[in-house]
Amino acid sequence: MTSYAYFFGCIIPNRYPGVEYAVRWVCGKEGYDLDVMDIKEFSCCPVPGIFYSSDKDTWLLLASRNLVLGQKERREIMTVCNGCLTSLLKATEYLKDPKRMGKVNRMLAQIGKKYTGIPRKTEGRRRIMEPVKVRHYVDVMTNDIGLEEVQAHTKRPLRNIKAAVHYGCHYLRPTENQTIDDPNDPVKIDKIVEACGATSVDYDDKLDCCGAGGGVRSHVVELANSLTEDKCRNIAAAEADCIVTGCPFCLLQFDNAQKAFTKDGIPVMHVAQFQALAMGIDPISLGFDTHHVSAHSFLRKLRGV
Amino acid sequence: MGEVEKVFLSGLHEKLVEDKVIDEPQLEPDFAKEIVKYGGKDVMTCLQCGNCTGVCPISLKINYKTRSIIKYCQFGLKTLTLGTQWVCATCYRCYEHCPSDINPAEVMIALRHIAIREGVIPPFIKVAATNLVKYGQSVKPDPEVEKIRKELELDDVPSRGAEYAKVIREINVLIHAAGYDKLIGIEEEVKA
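Sequence order for the protein chains is A and B. With this note's numbering applied, the first sequence corresponds to residues 1 to 305, in that order. With this note's numbering applied, the second sequence corresponds to residues 1 to 192, in that order.
Read the hints as simulated data drawn from the structure, not as lab findings. Possibly wrong hints are sitting among the right ones.
The calculated lysine-lysine pairs, modelled on DSBU-like cross-linking and capped at a C-alpha distance of 30 Å, are [unchecked claim]:
#1 Lys301/A - Lys191/B
#2 Lys147/B - Lys99/A
#3 Lys113/A - Lys133/A
#4 Lys40/A - Lys56/A
#5 Lys96/A - Lys56/A
#6 Lys147/B - Lys40/A
#7 Lys155/A - Lys114/A
#8 Lys147/B - Lys56/A
#9 Lys37/B - Lys56/A
#10 Lys166/B - Lys147/B
#11 Lys147/B - Lys114/A
#12 Lys71/B - Lys37/B
#13 Lys71/B - Lys40/A
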């Protein structure tokens with residue numbers, strides 16, 4: 001059985017603790033009972049929109065530090081965020097270049113760390129190393145656990161719920177690194193939603209950006225919000241009860257931006273929260289009170305009121 | 001690069017200067033090389049097909065044309081590119097649709113590197129970097145959220161743990177060693 005290490009990143013623990021609770025619940029004893037541990041020394045991935053954009057050397061150094069921690073435990077790093085996925089995955093690609101790896105290790109030596117990768121097998125005296133594996137929660141659910149299992153664990157099918165799935169750019173692109181789903185026709189989150197008994201509604205421009213990425217939200221929030229507004233208009237037209245995403249930054253954007261252009265808004269949640277609901281969790285544990293858009297309308301519909 | 005440059009730009013520089021469309025001092029002849037240095041691909045191989053602009057979600061909202069920015073890069077019009085590239089959402093749609101495999105999103109990222117080295121540093125970069133050296137995370141802990149974490153019986157956020165001081169120290173050492181503190185002007189915050 002594969003062993004994992006949680007990588008929650010910055011936004012989930014500090015803004016959406018309900019997502020963290022849901023992920024731990026789904027992966028823990030109440031759910032799939034995975035071999036998964038916390039590595040307390042993980043830092044920010046670091047965020048690609050800031051560090052990858054301003055100094056790639058610093059970005060690679062800080063990302064490598066996180067990878068070394070996963071390497072020490074010989075575990076796959078399970079990210080719950082598209083940003084963490086793209087940052088760490090890209091770092092493993094960069095580190096395949098021995099020159100870059102050497103440069104990083106000279107710097108990491110100052111804090112007593114070294115990136116080597118994880119030994120896979122030995123050929124004669126040579127140890128063949130492979131990069132530290134970086135996974136996305138959705139990928140773990142659909143590939144390692146499997147949709148049949150997800151369906152089998154659905155104790156309370158969310159039958160009357162119509163969900164609009166938002167994938168988020170860095171789940172799909174750039175395809176030179178990410179290949180966990182079909183970039184032009186992704187299905188994995190839709191399939192999880194359907195395994196939970198709900199309907200995944202189709203809507204226009206489904207694969208469009210939420211607007212937040214690459215520092216746009218921090219730089220020109222109105223621009224980011226206007227992209228979100230377009231998406232929300234399409235989602236509302238499809239009469240969805242909620243937005244389900246695999247990325248906490250998209251979640252944050254949908255959740256915060258909606259108050260800029262609408263009064264009620266469509267509730268937004270992480271796919272782990274959605275899944276936990278179908279597996280029978282008490283909604284009170286999902287921390288919906290930290291969300292700006294109230295989840296009341298969604299929960300009322302769920303109860304069939 | 002030489003051949004491509006000849007095909008696309010031969011005589012154009014001179015003509016634009018002659019027509020006073022651009023001033024000679026504005027031009028940086030080695031701008032394309034500088035972009036390559038910061039990890040962008042060779043902009044001289046851009047066909048100017050405009051696919052990147054066509055699929056860009058930002059171009060629908062504001063006057064931001066990826067193709068034009070690549071064109072400025074070809075000419076070496078550095079001043080026109082400083083500041084524009086921060087509206088790129090790095091959604092990488094342009095990369096998927098580029099027939100020349102230029103990866104315009106990565107060019108924007110290289111342009112960000114160049115702008116920062118020219119002293120054009122958006123304030124949110126400093127905020128996030130300061131959070132990182134203080135808390136080990138780019139997002140500042142929120143007392144309200146920490147209260148809810150307690151209610152949910154989740155552990156404290158990592159940055160509150162006593163053993164996390166070591167992590168903060170390591171991050172400070174690395175940021176200082178890479179010269180990042182000096183680059184974006186947060187030397188006072190970093191304790192290496």
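Going through the hints against the structure:
1. Lys301/A - Lys191/B: 52 Å, violated
2. Lys147/B - Lys99/A: It is violated: about 46 Å lies between the C-alpha atoms, which goes past 30 Å.
3. Lys113/A - Lys133/A: Holds, because 18 Å separates the two Cα atoms, which is no more than 30 Å.
4. Lys40/A - Lys56/A: 25 Å, holds
5. Lys96/A - Lys56/A: Between Lys96/A and Lys56/A the Cα gap is close to 15 Å, so the pair holds against 30 Å.
6. Lys147/B - Lys40/A: 20 Å, holds
7. Lys155/A - Lys114/A: 45 Å, violated
8. Lys147/B - Lys56/A: 36 Å, violated
9. Lys37/B - Lys56/A: Holds, because 11 Å separates the two Cα atoms, which is no more than 30 Å.
10. Lys166/B - Lys147/B: 25 Å, holds
11. Lys147/B - Lys114/A: Roughly 37 Å between the alpha carbons, so the hint for Lys147/B and Lys114/A is violated.
12. Lys71/B - Lys37/B: 18 Å, holds
13. Lys71/B - Lys40/A: 47 Å, violated
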